[in-house]
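Trainee: Sequence:
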Amino acid sequence: MGNMSFALGALAIVSEVIDGEAIIIDMRSGNYFSTEALGAKLWLAALAGHDRQTLLASVIAAYPDAAEVGTDADTFLNLLVSNGLLVETASGGSGADASVWPIGAYVRPELHQHSDMQDLIMLDPIHDVDTMGWPTRREDTAPFHAS
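In my numbering, the protein residues as written are 300 to 446.
Note that these hints are calculated values from the structure, not bench results.
Note that the coordinates shown come from a computational prediction; the quantities given were computed from them, not determined experimentally.
Glycine included, each C-beta is placed from N, C-alpha and C at the ideal position.
Treat the hints loosely; a few may be bogus.
Stated by the list, open to error - Label-pair distances were calculated between CB atoms; the ranges are:
hint: 1; residue 1: Ala311; residue 2: Pro363; range: 23 to 33 Å
hint: 2; residue 1: Gln352; residue 2: Leu422; range: 17 to 27 Å
hint: 3; residue 1: Gly383; residue 2: Ala347; range: 12 to 22 Å
hint: 4; residue 1: Leu419; residue 2: Ile359; range: 35 to 45 Å
Whole structure, please, built from the sequences with the hints as guidance.
Mentor: Rendered as structure tokens:
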């Protein structure tokens, strides 16, 4: 089997990179995630369809003095997949150059999960409608009552 490339985990995952920080929102759960520097670069490169081996080789080549860089990057990619933000597909990966590094001194990529805005994100009426659209409420959702 060939290399597995990455793709967005669901249509309900939205993201934006601002000043080197990736903000990733899972509209299904209301959780949002953040990552900076190398983590943001890995996120963008994964979204571009690069396969795991290409990404890891690029990171290792960019930071030859950081012995743990390959393991750290692989762990980070696994976190993106286990949180449902990315999936691996058998599409073969992008043949484009993934060498978007280095971006400064090596700092381990970290994925921060936040749920403090979960209630606000989940207030989106899209979560409460069926395939007919608004204003038809899904049968499995209770009407919202303000206290």
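Trainee: Please go over all the hints and tell whether each is borne out by the structure.
Mentor: Results of checking the hints against the structure:
{"no.": "1", "hint": "Ala311 with Pro363: 23 to 33 Å", "in the structure": "violated, 38 Å"}
{"no.": "2", "hint": "Gln352 with Leu422: 17 to 27 Å", "in the structure": "violated, 41 Å"}
{"no.": "3", "hint": "Gly383 with Ala347: 12 to 22 Å", "in the structure": "holds, 19 Å"}
{"no.": "4", "hint": "Leu419 with Ile359: 35 to 45 Å", "in the structure": "holds, 40 Å"}
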